[in-house]
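J.: Be aware that the sequence shown starts at 127, since it is given in my numbering, and climbs by one per residue.
Note that these hints are calculated values from the structure, not bench results. Nothing here was measured: the structure is a model prediction, and the numbers come from that model. You may find that some hints are simply not true.
Now the in silico label distances, taken between C-beta atoms and shown as ranges [to be verified]: (1) K135 with G298: 41 to 47 Å; (2) I393 with Q357: 35 to 41 Å; (3) A330 with I393: 28 to 34 Å; (4) E158 with E274: 29 to 35 Å.
Every residue gets a Cβ at the ideal spot worked out from N, C-alpha and C, and that includes glycine.
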Amino acid sequence: MLGKNPEKKPELFRPMLVDFIDHEHELVLLSEKIDWNYFEKEFSPLYSKVGNPSHPIRFMVGCLLLKHLYNLGDETLEKAWIMNPYMQYFCGRVFFEHEFPCDPSNFVHFRKRIGEKGIEKIFAYSVRMHDAKTNTSNFVLSDTTVQENNTSFPTDAKLCKKVIDYCNKIAGNEGIKQRQRYTKVSEQMVRNTYNGKHPKRAKAARKSQRQLKTIAMRLIRELQRNFNAEQQEFYKDLMTLYTKVVTQKRNDADKIYSIHKPFTRCIAKGKAHSQYEFGNKVGLITTANKGKKIIRD
127 MLGKNPEKKP ELFRPMLVDF IDHEHELVLL SEKIDWNYFE KEFSPLYSKV
177 GNPSHPIRFM VGCLLLKHLY NLGDETLEKA WIMNPYMQYF CGRVFFEHEF
227 PCDPSNFVHF RKRIGEKGIE KIFAYSVRMH DAKTNTSNFV LSDTTVQENN
277 TSFPTDAKLC KKVIDYCNKI AGNEGIKQRQ RYTKVSEQMV RNTYNGKHPK
327 RAKAARKSQR QLKTIAMRLI RELQRNFNAE QQEFYKDLMT LYTKVVTQKR
377 NDADKIYSIH KPFTRCIAKG KAHSQYEFGN KVGLITTANK GKKIIRD
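Go ahead and model the full structure; you've got the sequences and the hints to work with.
T.: Right, here's the structure in full:
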């Protein structure tokens, strides 16, 4: 069900954003130039008429535009949005808010909902806002970068430890009795893998890594044996993901580097300070005109 934009009604003890922001700010001017009703008409048929209300289309589209304007990720946008009243006004909020209205993972669901055609409509509209003179350029500039995700450096040992913890959590939620949880044992094994290339630690590190994989698969199989038919169907995708994380090899294609963000990819950018970055590759093309520039990814 499609959610509605906040009503612009003043409240006694809450100042409205429009009362204390600079009306000449770039985001304020841009928000007035955009026809938000266009996106409402284009994307509202994608929502059902029953169920819990979603977040407003203006908020979701505004956040996608801000992500590309300031080169932000889903999590970094959340932090910047909370601190910036102009970003909140751009997304259609009426009062200053101290908490982000949704979980960053909702952007993934919204992008899936509108699909590639919906993303093209958003950025095609941003191009149409410029005049014909700005749209012409003798040459363009192109570059690629990495939109990093909020994930720690992945290792097989840490991923297996997360699988063990998630399996224990599922068992606790479903009331499944386990033979052993391996909580403290797995923590010590992860410690043993630290600095695993040191000659004095290499053998113990390899052994602990093998044992972590064995324990993780043991817990996965134990859950699958004790699930009833309904639980089997509900946790089917999660069990497949956990199994892939534990059994994947070094040279496998489409490796999983983050359990909570399986779409994360390892990208080698050749930087001296950071040889590998984990996120999504982004290509940018911009016109070379002075003043106004058109950016498209």
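J.: All hints are to be evaluated individually against the structure, with a verdict given for each.
T.: Hints, one by one, checked against the model:
Between K135 and G298 the Cβ separation comes to about 45 Å, which falls inside the hinted range of 41 to 47 Å. At about 37 Å, the CB distance of I393 to Q357 agrees with the hint of 35 to 41 Å. Between A330 and I393 the beta carbon distance is about 32 Å. The supplied range of 28 to 34 Å therefore holds. In this structure the supplied range 29 to 35 Å holds for E158 paired with E274, their Cβ-Cβ distance being about 32 Å.
In this structure, none of the earlier numbered hints is contradicted; all agree with it.
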